[in-house]
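Novice: Going by this note's numbering, the sequence shown opens with residue 48, and the numbers climb by one from there.
In short, the hints are calculated from the structure, not lab data.
Check before you lean on any hint, since a few could be wrong.
What the hints assert, rightly or not - Pairs of lysine-lysine, DSSO-like flavour, derived with a Cα cap of 30 angstroms:
no., residue 1, residue 2
1, Lys214, Lys231
2, Lys203, Lys231
3, Lys199, Lys181
4, Lys181, Lys129
5, Lys199, Lys214
6, Lys228, Lys199
7, Lys214, Lys137
8, Lys129, Lys203
9, Lys231, Lys129
10, Lys137, Lys231
11, Lys181, Lys228
12, Lys228, Lys203
13, Lys203, Lys214
14, Lys137, Lys181
15, Lys231, Lys181
16, Lys137, Lys203
17, Lys203, Lys181
18, Lys129, Lys214
19, Lys199, Lys137
Note that the coordinates shown come from a computational prediction; the quantities given were computed from them, not determined experimentally.
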Amino acid sequence: MLVLVSLAHMIKKPQPSTSSDRRGFMRGMLTMIAGGFALLGPLWGGLALLLDPLRRNRNESSGAFIMVARLASLPANGIPMKFDILSNRKDAWNHYSNVPVGSIYLRRTENEHLAAFNIICPHAGCFVQIDSQKPQFNCPCHESQFHFDGTKANPKNPSPRGMDPLKVEIRNGDEIWVQYKSFKTGISERIPTS
48 MLVLVSLAHM
58 IKKPQPSTSS
68 DRRGFMRGML
78 TMIAGGFALL
88 GPLWGGLALL
98 LDPLRRNRNE
108 SSGAFIMVAR
118 LASLPANGIP
128 MKFDILSNRK
138 DAWNHYSNVP
148 VGSIYLRRTE
158 NEHLAAFNII
168 CPHAGCFVQI
178 DSQKPQFNCP
188 CHESQFHFDG
198 TKANPKNPSP
208 RGMDPLKVEI
218 RNGDEIWVQY
228 KSFKTGISER
238 IPTS
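Put together the whole structure using the sequences plus the hints.
Specialist: Dropping the structure here:
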């Protein structure tokens, strides 16, 4: 009989079920996941509101006509002159008034024809310069060459297109207004970027 008593102590008693612990764990996990999804909406909206100024156009002159010079300051000999484009600019949350946002070449011929070109080379975005030896524009980066009318001067020119022309208007008798734009570089099509 002694043997039976000691065996009875050795037999394990049934343990309570752990399914309630598992249910509690699963319930807690589902609650945390649902709470995370519930927070995503307000978090996303707040982040979009905070970063909104970064998505806006920073150059207020984009596509607008800007007064660049007066006719008297531009010689009628066909030699282009470089002018800076001054306009208001936004840099994320800051606002700057009357700062340079780009440059152009402006040309006036003897028959009073005006032509304006963006100073940026359509090939790789370098700044085009006036050649001191020949009547043409040169790009110092990859040797692109352009006539003063903006067309390519060399058939082996690496630029995919001529210089980018800009619209010009004369207002109030002697004010030269230019519609300033920048264009994508490296492609043959003229696609405005700003």
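Novice: With reference to the structure, classify each hint as holding or not holding.
Specialist: Consistency of the hints with the structure:
1. Lys214 <-> Lys231: 17 angstroms, holds
2. Lys203 <-> Lys231: At roughly 21 angstroms apart (the allowed maximum being 30 angstroms), Lys231 and Lys203 satisfy the hint.
3. Lys199 <-> Lys181: 14 angstroms, holds
4. Lys181 <-> Lys129: Since the Cα atoms of Lys181 and Lys129 sit roughly 17 angstroms apart, the hinted pair holds (cutoff 30 angstroms).
5. Lys199 <-> Lys214: 19 angstroms, holds
6. Lys228 <-> Lys199: 20 angstroms, holds
7. Lys214 <-> Lys137: 24 angstroms, holds
8. Lys129 <-> Lys203: 26 angstroms, holds
9. Lys231 <-> Lys129: 21 angstroms, holds
10. Lys137 <-> Lys231: 21 angstroms, holds
11. Lys181 <-> Lys228: Roughly 27 angstroms between the alpha carbons, so the hint for Lys181 and Lys228 holds.
12. Lys228 <-> Lys203: 27 angstroms, holds
13. Lys203 <-> Lys214: 28 angstroms, holds
14. Lys137 <-> Lys181: 39 angstroms, violated
15. Lys231 <-> Lys181: 27 angstroms, holds
16. Lys137 <-> Lys203: Status violated; Cα separation ~40 angstroms.
17. Lys203 <-> Lys181: 17 angstroms, holds
18. Lys129 <-> Lys214: Holds, because 16 angstroms separates the two Cα atoms, which is no more than 30 angstroms.
19. Lys199 <-> Lys137: Not OK: Lys199 and Lys137 at ~35 angstroms, beyond 30 angstroms, violated.
Hint compliance for this structure: hints 14, 16, 19 are not met, and every other hint is.
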